[in-house]
Amino acid sequence: MTYIPISPKERDAMLATIGVKTLDDLFKDVPAKHRFPKLDMPPALTEMEAAMELEDIAASNENVRGDLISFLGAGAYNHYIPSVVDHILRRGEFYTAYTPYQPEISQGTLQGIFEYQSLMAALTGMEVSNASHYDGATAAAEAVNMAYAQFRGKRKKVVISPTVHPQYRAVIRTYTQGMELELAGDDGNADLDSSPQELKSLIDENTMLVIVQYPDFFGRVYDYTKLIEAAHSQGALVCIVANPIALALFKTPGAMGADICVGDGQPLGIPMWYGGPSLGFFTTKKSYVHKMAGRLVGETVDSRGQRAYVLTLTAREQHIKRERATSNICSNESLLALAAAVYLSVVGKTGLRQVAELCYHKAHYAAEQLSKIKGMGLCFTEPFFHEFALCVNQPAEEVNAHLLEHGILGGYALGQDYPALKNHLLIAVTEMNTKEEIDTLVDILSEVNHD
Amino acid sequence: MTDATPKIVEPTIFDLSSPGRTGVTFPNPDVPRSELPASLLRADLPLPELAEVDVVRHYMHLSKFNYSVDGGYYPLGSCTMKYNPKINEDTCRLPGFLYTHPLQPIETVQGNLALMYQLQEWLKEISGFSAVTLQPAAGAHGEFTGALIMRAYHKSRGDAKRMKMLIPDSAHGTNPASAGMLGLKIVQIPSDARGNVDLKALKEQCDDTVFGMMLTNPNTVGMFDEHIEDVIKIIHDCGGLMYADGANLNALLGIVRPGDIGFDLMHFNLHKTFAVPHGGGGPGSGPVGVAAHLADFLPEPLVGILEEGDDETPPLFGFVKPAKSIGRMKAFHGHFGGGMVRAYTYITMHGPEGLKDVSQYAVLNANYLQARLRSTYHVPFDRICMHEFVVEGQFAGSDVRALDIAKRLMDYNFHPPTNYFPLIVHEALMIEPTETENKDTLDAFADALIKIAEEAKTKPELLHNAPSTTLFGRMDEVKAARDLVLCCWLPEDY
Numbered sequence: 507m508t509y510i511p512i513s514p515k516e517r518d519a520m521l522a523t524i525g526v527k528t529l530d531d532l533f534k535d536v537p538a539k540h541r542f543p544k545l546d547m548p549p550a551l552t553e554m555e556a557a558m559e560l561e562d563i564a565a566s567n568e569n570v571r572g573d574l575i576s577f578l579g580a581g582a583y584n585h586y587i588p589s590v591v592d593h594i595l596r597r598g599e600f601y602t603a604y605t606p607y608q609p610e611i612s613q614g615t616l617q618g619i620f621e622y623q624s625l626m627a628a629l630t631g632m633e634v635s636n637a638s639h640y641d642g643a644t645a646a647a648e649a650v651n652m653a654y655a656q657f658r659g660k661r662k663k664v665v666i667s668p669t670v671h672p673q674y675r676a677v678i679r680t681y682t683q684g685m686e687l688e689l690a691g692d693d694g695n696a697d698l699d700s701s702p703q704e705l706k707s708l709i710d711e712n713t714m715l716v717i718v719q720y721p722d723f724f725g726r727v728y729d730y731t732k733l734i735e736a737a738h739s740q741g742a743l744v745c746i747v748a749n750p751i752a753l754a755l756f757k758t759p760g761a762m763g764a765d766i767c768v769g770d771g772q773p774l775g776i777p778m779w780y781g782g783p784s785l786g787f788f789t790t791k792k793s794y795v796h797k798m799a800g801r802l803v804g805e806t807v808d809s810r811g812q813r814a815y816v817l818t819l820t821a822r823e824q825h826i827k828r829e830r831a832t833s834n835i836c837s838n839e840s841l842l843a844l845a846a847a848v849y850l851s852v853v854g855k856t857g858l859r860q861v862a863e864l865c866y867h868k869a870h871y872a873a874e875q876l877s878k879i880k881g882m883g884l885c886f887t888e889p890f891f892h893e894f895a896l897c898v899n900q901p902a903e904e905v906n907a908h909l910l911e912h913g914i915l916g917g918y919a920l921g922q923d924y925p926a927l928k929n930h931l932l933i934a935v936t937e938m939n940t941k942e943e944i945d946t947l948v949d950i951l952s953e954v955n956h957d
Numbered sequence: 008m009t010d011a012t013p014k015i016v017e018p019t020i021f022d023l024s025s026p027g028r029t030g031v032t033f034p035n036p037d038v039p040r041s042e043l044p045a046s047l048l049r050a051d052l053p054l055p056e057l058a059e060v061d062v063v064r065h066y067m068h069l070s071k072f073n074y075s076v077d078g079g080y081y082p083l084g085s086c087t088m089k090y091n092p093k094i095n096e097d098t099c100r101l102p103g104f105l106y107t108h109p110l111q112p113i114e115t116v117q118g119n120l121a122l123m124y125q126l127q128e129w130l131k132e133i134s135g136f137s138a139v140t141l142q143p144a145a146g147a148h149g150e151f152t153g154a155l156i157m158r159a160y161h162k163s164r165g166d167a168k169r170m171k172m173l174i175p176d177s178a179h180g181t182n183p184a185s186a187g188m189l190g191l192k193i194v195q196i197p198s199d200a201r202g203n204v205d206l207k208a209l210k211e212q213c214d215d216t217v218f219g220m221m222l223t224n225p226n227t228v229g230m231f232d233e234h235i236e237d238v239i240k241i242i243h244d245c246g247g248l249m250y251a252d253g254a255n256l257n258a259l260l261g262i263v264r265p266g267d268i269g270f271d272l273m274h275f276n277l278h279k280t281f282a283v284p285h286g287g288g289g290p291g292s293g294p295v296g297v298a299a300h301l302a303d304f305l306p307e308p309l310v311g312i313l314e315e316g317d318d319e320t321p322p323l324f325g326f327v328k329p330a331k332s333i334g335r336m337k338a339f340h341g342h343f344g345g346g347m348v349r350a351y352t353y354i355t356m357h358g359p360e361g362l363k364d365v366s367q368y369a370v371l372n373a374n375y376l377q378a379r380l381r382s383t384y385h386v387p388f389d390r391i392c393m394h395e396f397v398v399e400g401q402f403a404g405s406d407v408r409a410l411d412i413a414k415r416l417m418d419y420n421f422h423p424p425t426n427y428f429p430l431i432v433h434e435a436l437m438i439e440p441t442e443t444e445n446k447d448t449l450d451a452f453a454d455a456l457i458k459i460a461e462e463a464k465t466k467p468e469l470l471h472n473a474p475s476t477t478l479f480g481r482m483d484e485v486k487a488a489r490d491l492v493l494c495c496w497l498p499e500d501y
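Protein chains in written order, with the working numbering: chain Z, 507 to 957; chain P, 8 to 501.
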């Protein structure tokens with residue numbers, strides 16, 4: 507079926523007004539030999555048939571709310587989403603609107619984004635936030651572009667910690683290919699045990715940006731204050747890639763002196779959805795706002811003296827500046843920024859802290875129990891949040907295969923990205939994991955060890 | 008006016024906060040508490056404190072400030088604001104899609120992978136390309152992906168001197184911005200009097216430094232280029248690649264396949280053509296299709312068949328890496344739930360005939376409106392248009408501008424067309440009706456525009472002061488840029 511609300515009689519009247527006989531007559535500019543190709547596709551389904559087909563496809567997956575117990579994180583996390591969030595998102599007024607180019611009739615979207623910006627600034631301890639990027643990885647890549655612009659291309663080096671998410675590092679490399687930058691710090695020889703302070707030795711007066719992750723990819727929480735001071739002493743900027751739930755508990759990037767804080771907003775009320783869409787948040791200091799990419803909503807008044815909001819500093823953007831724009835970004839993740847804003851509003855100060863503490867306590871309980879298993883132990887001794895590397899005495903993939911037979915989605919096998927860590931399993935625990943699930947994991951891993 | 012304390016129509020979520028209120032709370036831990044590392048903790052968490060009902064009322068109030076496709080006619084040119092079928096909202100929220108982790112073993116997510124594979128196949132069939140990546144997150148992200156693919160292709164041939172991207176003067180701003188991200192030199196190509204690419208000007212630019220051309224076809228004045236095959240031949244003859252901006256693909260489904268007429272690559276906007284809702288500015292989804300000679304350069308990973316199936320067993324789907332991939336464009340696999348599942352549902356419910364109907368009726372509606380407005384508004388490129396067209400929002404001897412007409416349309420409860428774009432038309436009003444509007448709506452919209460033209464002569468102040476019936480009036484954009492109030496909360500020492 508289609509969604510075309512025009513009857514044959516109406517169609518004919520319209521064709522007569524236009525002055526042509528048939529619909530096909532409207533396409534004479536299209537080269538005749540390529541006009542009206544026969545598409546080799548299955549015939550249309552009715553809504554009922556389509557609904558059933560999609561239900562079948564979805565049901566053929568094993569999901570983490572019933573089919574599998576999950577301890578998998580590594581950049582996407584299974585958190586509880588309060589019911590309110592999707593009820594708001596499903597308002598047609600929000601999800602069927604376009605980018606708010608006409609502010610008089612888009613104040614819902616605009617005020618929603620303004621509040622999102624405010625909430626993200628509060629959460630990260632930074633001064634300003636934009637309206638969002640595609641995801642955490644592309645937000646990190648845009649941080650590189652911003653730093654490049656800040657130094658007008660005169661500084662060419664980016665120091666990047668090897669424990670920034672491997673896919674984020676890959677995206678930064680894709681984005682910057684051809685820019686003749688030097689990306690240092692995350693080559694195969696990097697010492698993964700070392701403190702982030704070791705990156706200091708790589709920072710020089712050609713360094714435009716230092717990128718670290720918080721907690722890092724292995725879950726470890728470091729205070730980056732001294733590293734940031736060292737970077738600043740060379741004039742370099744620092745970008746922290748942060749987990750937003752961790753920020754409910756730990757010192758903010760702003761408090762540590764970071765210039766930019768980016769990350770993925772998925773944990774804030776957005777389903778994992780097999781990896782997307784989520785949102786990339788991007789917060790920075792107000793002094794960099796003209797170099798920042800992305801949409802920005804500012805407060806103003808309307809002609810009637812009412813407080814209102816508009817897209818502002820649009821002169822940075824592609825539709826005005828074209829090839830001299832700070833970025834080509836146009837559509838971002840507006841609706842999911844709204845999801846994050848609703849989530850942060852409805853869990854609020856109390857609920858977000860509860861979520862973070864639940865993650866922390868459950869992860870620490872899991873770590874403690876797992877490290878009691880003979881032949882297993884935590885790979886690192888640093889403080890961690892809700893994810894930790896477990897060293898096992900066989901390849902992590904084999905452990906995961908065994909866990910899957912018991913309906914458990916194990917951790918992330920770190921050897922995929924770090925060849926030296928082939929017996930390392932990155933375990934994530936959130937508020938969704940019960941003690942019973944953790945105990946089951948411990949029991950099965952104890953068996954693995956005896957096999 | 009601007010110095011007075013503004014009236015507050017809806018307080019912000021921070022204004023509404025009251026210390027001690029709680030909304031959704033969480034259980035006490037079922038495990039022993041561990042000690043928190045005191046030196047690493049943050050001092051305060053300055054988030055609002057509200058009850059659930061406070062939050063619901065607040066966002067309900069905000070929702071009522073928005074105009075939307077569900078609420079009315081939204082003829083925003085080049086944005087394809089078609090109706091967003093409700094079933095898509097249900098299918099994309101099935102638990103099997105919502106609650107799958109992007110790094111799960113492929114054996115546990117064969118449904119997702121089969122859907123992605125099938126969508127790649129359908130997009131190939133619709134566009135005439137050989138391979139498709141679903142990874143890009145939006146149209147502009149697709150353009151950037153495409154430009155990187157083009158560079159990788161030239162580089163693989165040892166052809167490093169190509170630095171000139173040709174872009175028509177009617178192009179979307181994202182085109183030069185995307186090419187600009189690669190540091191390419193942008194050369195603007197003028198349009199001719201019929202709205203086509205000016206072939207003479209194009210030939211003058213063609214030499215061995217041409218990287219390629221980015222072309223929207225039909226273009227932003229709604230014209231299918233009458234010499235499209237010549238344009239493509241000129242670019243190919245000088246060694247360039249031909250990029251199609253697929254923003255206007257809604258005119259071409261089952262009408263012509265860009266791959267068949269010689270384009271080398273194109274991005275799709277699933278949020279325009281395939282009814283993924285725009286969400287107030289995203290998430291979109293911008294897959295890229297390429298011809299065979301570019302397939303090796305696609306971003307990694309693609310979905311492929313790892314083991315062929317037979318009558319009894321389905322194939323095993325998984326990820327494959329193209330041989331000379333430009334790399335990864337974002338984390339994970341693209342906008343799966345919000346983009347791909349909705350688009351898949353939409354395509355499966357249309358089939359080949361339904362898709363052709365979409366484009367035929369989108370073009371019918373645009374031509375009908377153009378015919379009804381032609382005698383009132385100047386149509387600078389006046390021939391059969393495709394899915395959209397442009398009129399001039401100005402009248403001889405009147406100081407009324409396109410902006411005034413756009414704002415006055417709000418008083419008639421219509422969303423205005425895109426205005427001041429494309430840049431090649433003075434006081435442009437760019438109208439894209441889409442196929443999901445009925446004749447009554449189109450007639451009411453045409454009647455309103457005709458009446459506004461009359462008002463422009465008799466009562467121009469109605470236009471200058473518009474909108475007057477909406478909840479909010481025109482905005483002080485200068486104040487916003489000058490004051491730069493970007494947060495309702497600021498650090499204490501700020």
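Watch out, some of these pointers could steer you wrong.
As the list claims (entries may be wrong) - To give a feel for the contact side, a few chain Z residues facing chain P, derived at Cβ under 10 Å:
1) GLU621
2) ILE879
3) LYS880
Claimed, not checked - Only pairs whose alpha carbons sit at most 27 Å apart, straight line, appear in this in silico BS3-like list of lysine-lysine:
4) Z:LYS827 x P:LYS464
5) P:LYS162 x Z:LYS539
6) P:LYS446 x Z:LYS534
7) P:LYS446 x Z:LYS660
8) P:LYS168 x P:LYS240
It should be emphasised that the hints constitute simulated quantities derived from the structure, not laboratory data. None of these values were measured; they are calculated from a predicted model. Quick reminder that beta carbons are idealized off the backbone N, C-alpha and C, glycines included.
Right, here's what the structure says about each hint:
Annotation: interface hint on GLU621 (chain Z) holds; nearest CB of chain P at approximately 5 Å, less than 10 Å. About 17 Å separates the beta-carbon of ILE879 (chain Z) from the nearest beta-carbon of chain P, more than 10 Å, and the hint is not met. For LYS880 (chain Z), the shortest C-beta to C-beta distance to chain P is roughly 22 Å, which exceeds 10 Å, and the interface hint is violated. The suggested pairing of LYS827 (chain Z) with LYS464 (chain P) is violated, with an alpha-carbon distance near 35 Å, which exceeds 27 Å.
The suggested pairing of LYS162 (chain P) with LYS539 (chain Z) is violated, with an alpha-carbon distance near 34 Å, which exceeds 27 Å. Of the supplied pair hints, the one linking LYS446 (chain P) and LYS534 (chain Z) holds, its CA atoms being roughly 24 Å apart against a limit of 27 Å. Restraint check for LYS446 (chain P) and LYS660 (chain Z): not satisfied, since their Cα atoms lie roughly 58 Å apart, outside the 27 Å limit. Of the pairs offered as hints, the one joining LYS168 (chain P) and LYS240 (chain P) holds, with about 20 Å between alpha carbons and a cut-off of 27 Å not exceeded.
Checked against the numbered hints listed earlier, the structure breaks hints 2, 3, 4, 5 and 7; every other hint is satisfied.
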